[in-house]
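Colleague: Chain by chain, the residues:
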Amino acid sequence: MDLKTLTEAFGPSGYENEVRKLLKEAASAYCDDITIDRSGNLVCRKPGRDHAKPAVTFAAHMDEIGFIITGYTDDGLLRFRPIGGVDPRVVVSKLVLIGPDRIKGIIGAMAIHLQTAADRERVLGYDNLYIDIGASDGKEAEKLCPLGTYAVFDSEYTEFGDGFVTARALDDRVGCLNLLEILKNSDYEGDLCCVFVTQEEVGLRGSAGAAFLLQPDIAIILEGTAANDLGDTPPRYQVCVPGEGVAISFMDHASIADRDLFHQMKEVAARQGIPHQIKRAITGGNDAGSFQTAGKGARTCVLSVPCRYIHSGNNVAKLSDIKAQADLAIAFLNSL
Amino acid sequence: MKTVDFLREITRLRGLSGDEGIVSAFVAKQFEPYCDEVTVDVMHNVIARKKGPGKKVMFAAHLDEIGLMVVKIEDDGSIRMGQVGGVDPRILPGQRVTVFGREPLLGIIGAKAPHLLSEAERGKNYNREDLHVDLGLPASRVKELVQIGDQIQLEHRFTELKNNRIAVKTCDDRACVAMMFDALKRLQNIRHDADLYFVATAQEEVGSRGAKTSAFALEPDYAVALDVCHADTPGAPQGRTMKLNSLVASMGPYLHPVLRGKLMDVAKENNITLQTAVVPRYTSTDADDIGAARDGIPTVLLELPLKYMHTTVELLDGNLLGEGGRLLAQFAAAVKEDWEDELWT
Amino acid sequence: MLRDTLQTLLSCYGPSGSEHAVADKVRELLSGHVDSMKTDALGNLIVEKFSADDNAKTIMIAAHMDHIGLVVTNIEKDGFLRVSAIGGIGPRLVSGRKVVFADGTPGVCATQPNKKNPSAQPSLNDVFIDIGAESQEEAEKLVAIGDVAVYAPDFTQLGRHKVASPAMDDRCACALLVELLMYADNQKHNIVGVFTTQEEVGLRGATVAAFTVQPDIGLALDVTGWGDTPETDLPAVKLGAGPAVKIMDRSMIATPSVREKLFEAADMAGVAVQREVLAYGGTDGGAIQLSRGGVPTGTLSIPCRYVHSANEVIDMRDMEGALKVLLQFVDLA
Chain G
1 MDLKTLTEAF GPSGYENEVR KLLKEAASAY CDDITIDRSG NLVCRKPGRD
51 HAKPAVTFAA HMDEIGFIIT GYTDDGLLRF RPIGGVDPRV VVSKLVLIGP
101 DRIKGIIGAM AIHLQTAADR ERVLGYDNLY IDIGASDGKE AEKLCPLGTY
151 AVFDSEYTEF GDGFVTARAL DDRVGCLNLL EILKNSDYEG DLCCVFVTQE
201 EVGLRGSAGA AFLLQPDIAI ILEGTAANDL GDTPPRYQVC VPGEGVAISF
251 MDHASIADRD LFHQMKEVAA RQGIPHQIKR AITGGNDAGS FQTAGKGART
301 CVLSVPCRYI HSGNNVAKLS DIKAQADLAI AFLNSL
Chain Y
1001 MKTVDFLREI TRLRGLSGDE GIVSAFVAKQ FEPYCDEVTV DVMHNVIARK
1051 KGPGKKVMFA AHLDEIGLMV VKIEDDGSIR MGQVGGVDPR ILPGQRVTVF
1101 GREPLLGIIG AKAPHLLSEA ERGKNYNRED LHVDLGLPAS RVKELVQIGD
1151 QIQLEHRFTE LKNNRIAVKT CDDRACVAMM FDALKRLQNI RHDADLYFVA
1201 TAQEEVGSRG AKTSAFALEP DYAVALDVCH ADTPGAPQGR TMKLNSLVAS
1251 MGPYLHPVLR GKLMDVAKEN NITLQTAVVP RYTSTDADDI GAARDGIPTV
1301 LLELPLKYMH TTVELLDGNL LGEGGRLLAQ FAAAVKEDWE DELWT
Chain F
2001 MLRDTLQTLL SCYGPSGSEH AVADKVRELL SGHVDSMKTD ALGNLIVEKF
2051 SADDNAKTIM IAAHMDHIGL VVTNIEKDGF LRVSAIGGIG PRLVSGRKVV
2101 FADGTPGVCA TQPNKKNPSA QPSLNDVFID IGAESQEEAE KLVAIGDVAV
2151 YAPDFTQLGR HKVASPAMDD RCACALLVEL LMYADNQKHN IVGVFTTQEE
2201 VGLRGATVAA FTVQPDIGLA LDVTGWGDTP ETDLPAVKLG AGPAVKIMDR
2251 SMIATPSVRE KLFEAADMAG VAVQREVLAY GGTDGGAIQL SRGGVPTGTL
2301 SIPCRYVHSA NEVIDMRDME GALKVLLQFV DLA
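Chains as they are written, first to last, in the numbering used here: chain G, 1 to 336; chain Y, 1001 to 1345; chain F, 2001 to 2333.
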């Protein structure tokens, strides 16, 4: 499996089928016990021989941000709403793919020549944005894209610059890719589980189910996190920096890292010479929150690939950081 | 009991979130003749089981109601109010209420007279904090009869309008409890394999708390949550309201697409019109918490359009009570073991 | 003595996520007084004291060990520390306060002026901690990103009955729970005292502890707001008028049966109690009540002024009353 194929799979929250299918096929090369649970999570278990060792689960989410079709105008435009947190300011003049058949659409807006001074200041909200698929009237639009059809940004996987990659859904297909790496490379003697979860972007839904089902001792979340490092961002508002390695979190809005795990991660990375950094802000919230509070609770820690422009159609990450995430996850497992 | 009479009676009963004992007892008593066992759990959820050998299916509609609560008694005997659930403060001035002190007491919600307000103040709605309940009693008597934490219920007036439309408080969500009652009656004559649980849930208005615990306890294979949604009213935002005269099957990431497809199929086979609403994230109904119970429960949401939600005149189309009951009964009968294989394809 | 226990616990460092110093102190205090003590994945300290009665119910009583704090997110060139909030801590409350890190490193909080708009309300982004370092390198020797500062301990007697301190929320309840577990003797029911973690960031410790304990009855001990200072009238609760039985807050509507038992216990103990309706806030009770299939749960509150400031004020008479109510409750419930 390669990152290009993974990021090109269609999987907004609630419609992860295509991603799940791809991953299931890829994981089956390294794992014999693969199931789909009641929340649609893909659960890959590798039972251990040594039960004195902690049961460890690694989790990454399959879903991505996107859109959902909510209505039509008489002249054939699609009304839509975001799935997950998509800033309406990043969607104007972007291309989208609608439904698993990937019908092409564009998000248009009134030409600048026709805008008043006030229009130019005003943020276009989702009530005033439309997807144009070229349909001639509302009926045709509805026939092609029924209510509730999902859409994603249409952007091509491209490697560029000095070891960077841009694609949609790097958050969190990088984590999915690295779960496969763990399954492939680990010979951990304790119980190991890699779970590809659904619906992270709409409120940590899938992981809540997985966490309840799996009840590991330790859960490590592999994520993509907002970098916010360029332009005139003062250093103290930079969250993490692409190129400086995998980011280890002490806390976000959904969980506080287990202090011992947090220090252990730093030590393992330093000892093994794996590029790493500390995520320097409390932003976002991810599946660690589910694992920490489901059932009897678990000790958690989050390892993230720094990603720029995370909730847009063009995420940017550095390939070396993606590798560092897998390296640290595996090194940590070997250190247990 | 006719379904409409059930609605008339149940909307009258006191059942503010967190203290639903009275309305729970009523529901348990009415459901009891039509099912195999009925229990009321520690959260006041009513759980009515109609046994079957097949998949476990949970139907859920909430029986709690929004209302007010005594938070302070002023020296002059007027009562300051807090709220239980979200009460629209615009409906309060001049409203009749019952304060459940040591005995039920009629009260009127009063406000400073408009003559005494400044121009600027008149341009704004009253806040709940500006209002008080007047019991028409001397302060000493109020202090004997009323305590902090006593419940205040809004006035119940069951009003039948033209075209079988009904307006009364707490159609949200007792009209859906009435639909479950209707379905239970119909199921007396319909074969079903599924093991059916009709749950009238508590504490929805403060965060679907009863649904959360009952879904955990029952551990169903599938769930159908029932709640109200907004019907068209003048000036409502585009795309946010539905037609009053047919039920709504919502879709979105929190609701299971395959199970929803099954519900649509059943509706079609039985000539029941369903509208579609698209909900991009949480539905703010019991469906959210039922769906997230344990390792996840595939859940769908069926909604009943309502005008003037969270007021004392919540208005619905009375024909939908029977229509909804019919749909639920037919869906219950249609549940198949092999749906399992289609869930994640 | 309740007061000594309180003072001991108030001196411990314990922001949300790093409560082990408090847990260690509780273990020390309770050693020899209880049947078992264990710590779970989130650091909750779960303490059992069994009843001899075969029909005993299990009552989970929770008091949270954690308190609010400031986590270091950046160490600046000139050695000042930038921070984010752990729990509900705001710029107005921290500015000018003395703080301390886990290893005892002291600092003071200050707020930078807003030159463009001097009258603007500061945000936590305007706050920094001065630890006296003169460079980033010097600061990094003392503090790392991710370290957490809390209000420095500062216990003060106010008048005859009142005491002020940081972390009164919720160490006063921890002290009550310690004393209850010490003095409960041949009580009717099994007490599972849980000293919980991460309450201030969303009742996280209590959520998992309740799942593990599976109690028959839940009770949270926490502070509540006050309505007896200038221009503050809700909740209608006064310091010194007794502990408060919670009717509801944002996290929970107390189960009527438990609430009534608390009133009954107070009555039998001869302790005056108040009735509390809080329009904001929540306690571990909210998490316990919704555990598994639901647990009948209530909350007993200690009225506390200036909650989340460095000077949280309570009245020791309310504490003594609360302990009497609790000792009665575990025999009655």
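Heads up, a few of these hints could be off.
Unchecked claim - Chain F stretches covered by chain Y per the calculated footprint, using a threshold of three residues with CB under 8 Å from any CB of chain Y:
1) 2004-2017
2) 2293-2307
Unchecked claim - Here are the computed lysine to any residue pairs in the SDA-like style, where the Cα-Cα straight-line distance is at most 20 Å:
3) F:LYS2077 to G:ASP232
4) Y:LYS1268 to G:ARG259
5) G:LYS296 to F:PHE2211
6) G:LYS323 to G:VAL241
7) G:LYS296 to Y:GLU1129
8) F:LYS2038 to G:ASN228
9) Y:LYS1029 to Y:ASP1005
10) Y:LYS1262 to G:LEU147
11) G:LYS296 to F:LYS2038
12) G:LYS139 to Y:ALA1025
Honestly, the hints are just simulated from the structure, not real lab data. Idealized CB from N, CA, C, for every residue including glycine.
Colleague: Take a quick look at whether LYS296 of chain G and LYS2038 of chain F sit within 20 Å of each other, Cα to Cα.
Modeller: holds (13 Å)
Colleague: Tell me if chain Y covers the region 2293-2307 of chain F under the three-residue, 8 Å CB rule, please?
Modeller: Answer holds; 4 residues pass the 8 Å Cβ test.
Colleague: Please work out if LYS139 of chain G and ALA1025 of chain Y have their alpha carbons no farther apart than 20 Å.
Modeller: violated (49 Å)
Colleague: Can you confirm whether chain Y covers the region 2004-2017 of chain F, using C-beta to C-beta distances below 8 Å and requiring at least three such residues?
Modeller: n = 0 at 8 Å, threshold three: violated.
Colleague: If you draw a straight line from the CA of LYS296 of chain G to the CA of GLU1129 of chain Y, is it 20 Å or shorter?
Modeller: violated (42 Å)
Colleague: Between the alpha carbons of LYS2077 of chain F and ASP232 of chain G, is the straight-line distance 20 Å or under?
Modeller: holds (17 Å)
Colleague: Between the alpha carbons of LYS1029 of chain Y and ASP1005 of chain Y, is the straight-line distance 20 Å or under?
Modeller: Given pair LYS1029 of chain Y, ASP1005 of chain Y holds - Cα atoms ~14 Å apart, limit 20 Å.
Colleague: Check the hint pairing LYS323 of chain G with VAL241 of chain G against an upper bound of 20 Å on the C-alpha distance.
Modeller: holds (15 Å)
Colleague: Holds or violated: LYS296 of chain G with PHE2211 of chain F, Cα cutoff 20 Å?
Modeller: holds (6 Å)
Colleague: Given the hint that LYS2038 of chain F pairs with ASN228 of chain G, does the C-alpha gap stay at or below 20 Å?
Modeller: Measuring from Cα to Cα gives roughly 42 Å; hence the hint is violated.
Colleague: Tell me if the straight-line CA distance from LYS1262 of chain Y to LEU147 of chain G falls inside 20 Å.
Modeller: holds (17 Å)
Colleague: Has the given pair, LYS1268 of chain Y with ARG259 of chain G, been kept, meaning a C-alpha gap of at most 20 Å?
Modeller: violated (56 Å)
Hints 1, 4, 7, 8, 12 from the list above are not met by this structure, while the remaining hints are.
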